[in-house]
Amino acid sequence: MGFVLVFKEMGITSLEYYTEDSNLLLLLSSIILLIQISKNNEIPSWFKSFRYIAIVSTTLTLIIVLTVLSWTTELGLYHLLFHESMLYHHTLCPVLAIISFVFLERYENLHAIQGLYFTAIYGIIMISLNALKIVKGPYPFLLVHNQPIIHSIIWTALIFAITYAIALILKKVNGKVII
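In this note's numbering, the protein residues as written are 1 to 179.
There's no promise every hint is true.
Unchecked claim - With a cut-off of at most 16 Å between alpha-carbon atoms, the simulated EDC-like pairs for lysine to aspartate or glutamate come out as follows:
hint	residue 1	residue 2
1	48	108
2	8	84
3	171	108
4	172	108
5	176	105
6	172	105
7	171	105
8	136	16
9	48	105
10	133	16
11	176	108
Don't read these hints as lab results, they were simulated from the structure.
Here the structure is a predicted model, which is why all the values come from computation and not from measurement.
Modelling step: build the complete structure from the supplied sequences, incorporating the hints.
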């Protein structure tokens with residue numbers, strides 16, 4: 001539902017947003033999970049890592065909305081959490097994914113470093129595109145030409161640290177309470 005709203009409004013440029021990309025990963029991982037469960041298949045190890053990466057990434061989206069974007073954009077927290085597609089991408093999908101990962105899924109041998117993969121790939125691509133002036137933003141911390149280089153470095157380090165912390169926490173709580 002959220003993708004329909006976003007693509008209708010923004011088209012392909014919506015893929016510049018980490019929020020959209022991470023939610024697409026989550027959607028794909030959820031579809032694969034449902035197929036595997038419906039066929040009573042054992043969950044492959046590559047998929048466990050993929051699912052973990054998707055959930056870490058959407059959790060990062062929620063955390064960044066709560067801690068950064070709500071303070072650095074004019075939209076405000078309520079709008080960012082509950083307005084149209086943002087209700088799905090910033091709130092419902094990340095929260096439901098976390099609940100599923102903690103209470104319904106159990107994966108062994110996850111590595112917290114895996115949680116950084118998607119964020120690193122997105123960051124490298126978007127910082128490069130911003131540096132080359134191919135795209136602008138879409139987030140304030142990606143505007144490398146509008147801030148001192150040290151700010152870009154600090155933002156990057158901070159986002160990686162938050163992502164790694166999320167990955168560690170999710171790894172620790174995964175499957176601890178199976179319903």
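Hint by hint, work out which the structure violates, then give me just those numbers in ascending order.
As far as the earlier hints go, not one is violated by this structure.
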